[in-house]
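K.L.:
Residues per chain, in single letters:
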Amino acid sequence: GEDVEQSLFLSVREGDSSVINCTYTDSSSTYLYWYKQEPGAGLQLLTYIFSNMDMKQDQRLTVLLNKKDKHLSLRIADTQTGDSAIYFCAENRGGGADGLTFGKGTHLIIQP
Amino acid sequence: GAVVSQHPSWVICKSGTSVKIECRSLDFQATTMFWYRQFPKQSLMLMATSNEGSKATYEQGVEKDKFLINHASLTLSTLTVTSAHPEDSSFYICSAKRMTGSQPQHFGDGTRLSIL
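Top to bottom, those sequences are chains V and U.
With the numbering used here applied, the first sequence covers 13 to 124.
With the numbering used here applied, the second sequence covers 8 to 123.
Only chain U is shown next, with the shape it has when bound in the complex (with noise of 0.2 Å):
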């Protein structure tokens, strides 16, 4: 079946760096990718939507310079978070969705991010 795969799967840094995590469709080209944020024993809520070729959509409420997402290639989409502060710590998932046909999404195992 359809395999994302998701890198780091668990960072810890201090305040005030950059995290660069990488989300990658291993068996299929994804035009769209999408990255979510999980709090602790909360919903996941959809952060951004990630284009091949093509600026991200961000969510309301969601600071485009502070989640710079980059998806340079059909498998590839990267989420940095930048400057990263303890109230960025979470759980990132991405998801992917094929080139072509219809649903679902798959997801990654996710990335656990703590900052200190």
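Chain V extracted, bound-state conformation (with noise of 0.2 Å):
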């Protein structure tokens, strides 16, 4: 069946870039996203990208798309103490009709 993977967590220093990564594996899927979610919260998009754009920049925040290998990174520049929470990654298949695909989520957790 259809997968979104992501590593469960990535810690960083408070004021360095963070990257989190994620595999995909419908070639087929028309736009990718990223949320974040905050502990007891629901999602809150953060910037998303179709799929024939390999880059999306967004103030702090740069996406980058690499079709051929189904891989999709998110980049958070200056990170924050504010940043800290659970970021998924998501497919969407068929044109947009259809529900999202998640991976499980990247913790990302700050060192101030």
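Don't read these hints as lab results, they were simulated from the structure.
Bear in mind that the values here come from a model prediction, so they are computed numbers and not experimental data.
Positions of the beta carbon are idealized from the N, C-alpha and C atoms, including for glycine.
Some clues are possibly wrong.
Stated by the list, open to error - Listed next, the in silico SDA-like pairs over lysine to any residue satisfying Cα-Cα at most 20 Å (straight line): (1) K48/V with R44/U; (2) K116/V with L53/U; (3) K48/V with Q13/U; (4) K116/V with V10/U; (5) K116/V with Q49/U; (6) K48/V with S16/U; (7) K27/U with D95/U; (8) K48/U with E17/V; (9) K48/V with K71/U; (10) K48/U with K80/V; (11) K116/V with D34/U; (12) K82/V with A97/V; (13) K48/U with F62/V; (14) K48/U with L120/V; (15) K48/U with S96/V; (16) K116/V with D116/U; (17) K48/U with I122/V; (18) K80/V with F62/V; (19) K48/V with Q69/V; (20) K48/U with P51/V; (21) K68/V with P111/U; (22) K48/U with I121/V; (23) K48/U with L20/V; (24) K48/V with M52/U; (25) K48/U with H119/V; (26) K48/V with L53/U; (27) K48/U with Q69/V; (28) K48/V with D95/U; (29) K116/V with K71/U; (30) K116/V with S50/U; (31) K48/V with K27/U; (32) K48/V with S12/U; (33) K71/U with T56/U.
Stated by the list, open to error - Quick list of simulated restraints, FRET-style, between CB atoms: (34) K80/V with K21/U: 48 to 58 Å; (35) V10/U with S63/V: 24 to 34 Å; (36) D90/V with Q67/U: 35 to 45 Å; (37) Q56/V with S121/U: 22 to 32 Å; (38) T87/U with D110/V: 40 to 50 Å; (39) K48/U with S63/V: 45 to 55 Å; (40) S29/V with K21/U: 26 to 36 Å.
Combine both chains into one complex, guided by the hints.
P.N.:
Have a look at this one:
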């Protein structure tokens, strides 16, 4: 079946860049997403990228997509304590009609 | 930006009762809403796709008689957990997709359901 894989934890020092990686299996994915979830809260859309793009930048966030390797990454520049959360990678298949398939989430831990 | 409101945010009830959760798109019309379930420290699993004016489409393994979905208007979908039992305790999150245009889906803040 279709799968989205992420490492479970990432620890970085405050001020450094964080890079969260994700691999997916469905080559027909039209959009790929990054969501942020803080404890006890819902999901906040951070950014998304269309499958025909290979990079998207939005302030401190940079998304890189390698469609050949089915690899997606999220880079957070100048990581702050407020960035501590779980980050979910998700893919959407079939032109938007389907729900999303999520990875298990990467817990970003910020060291002072 | 787009806002999706989910109510209630937390429910505690006795085993055997039914619980209704509402999902509203506040500033846009949503022909399609999605219901997800999240177990502690796990990912979100799609339960069903709710389409305005038609029957919901359930994912494999999700009991449609247990999880009743009604999408009566372009801004409201409801999920009713019928005859809830402790194993139904979970975090339920809805998302909504705009009527026109493409992505993305916007999520509500979730409902934490605890069945005693």
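K.L.:
Given the hint that K48/U pairs with L120/V, test it: the Cα-Cα distance must not exceed 20 Å.
P.N.:
Since the Cα atoms of K48/U and L120/V sit roughly 13 Å apart, the hinted pair holds (cutoff 20 Å).
K.L.:
Is the distance from the Cβ of V10/U to the Cβ of S63/V consistent with 24 to 34 Å?
P.N.:
holds, 27 Å
K.L.:
Is the Cα-Cα distance between K48/U and I121/V 20 Å or less?
P.N.:
OK: K48/U and I121/V at ~15 Å, within 20 Å.
K.L.:
Has the given pair, K48/V with L53/U, been kept, meaning a C-alpha gap of at most 20 Å?
P.N.:
holds, 17 Å
K.L.:
CA of K48/V to CA of K71/U, is that 20 Å or under?
P.N.:
violated, 29 Å
K.L.:
Confirm or reject the claim that T87/U and D110/V have a C-beta distance inside 40 to 50 Å.
P.N.:
Given range 40 to 50 Å: violated, Cβ gap about 23 Å.
K.L.:
With the threshold set at 20 Å, check whether the alpha-carbon distance from K116/V to L53/U stays at or below it.
P.N.:
Given pair K116/V, L53/U holds - Cα atoms ~13 Å apart, limit 20 Å.
K.L.:
CA of K116/V to CA of D34/U, is that 20 Å or under?
P.N.:
Between K116/V and D34/U the Cα gap is close to 30 Å, so the pair fails against 20 Å, i.e. violated.
K.L.:
Need the status of pair K27/U, D95/U: alpha-carbon distance at most 20 Å?
P.N.:
holds, 13 Å
K.L.:
Next pair to validate is K116/V with S50/U; report whether the Cα-Cα distance is within 20 Å.
P.N.:
Distance ~4 Å between K116/V and S50/U Cα, so the pair holds.
K.L.:
Taking the Cβ atom of D90/V and the Cβ atom of Q67/U, is their distance within the range 35 to 45 Å?
P.N.:
Given a distance of about 43 Å, which is inside 35 to 45 Å, the answer is holds.
K.L.:
Do the alpha carbons of K116/V and D116/U lie within 20 Å of each other, as the hint requires?
P.N.:
holds, 18 Å
Comparing the model with each earlier hint shows violations of hints 4, 9, 10, 11, 12, 13, 27, 28, 29, 31, 38, 39 and 40; every other hint is respected.
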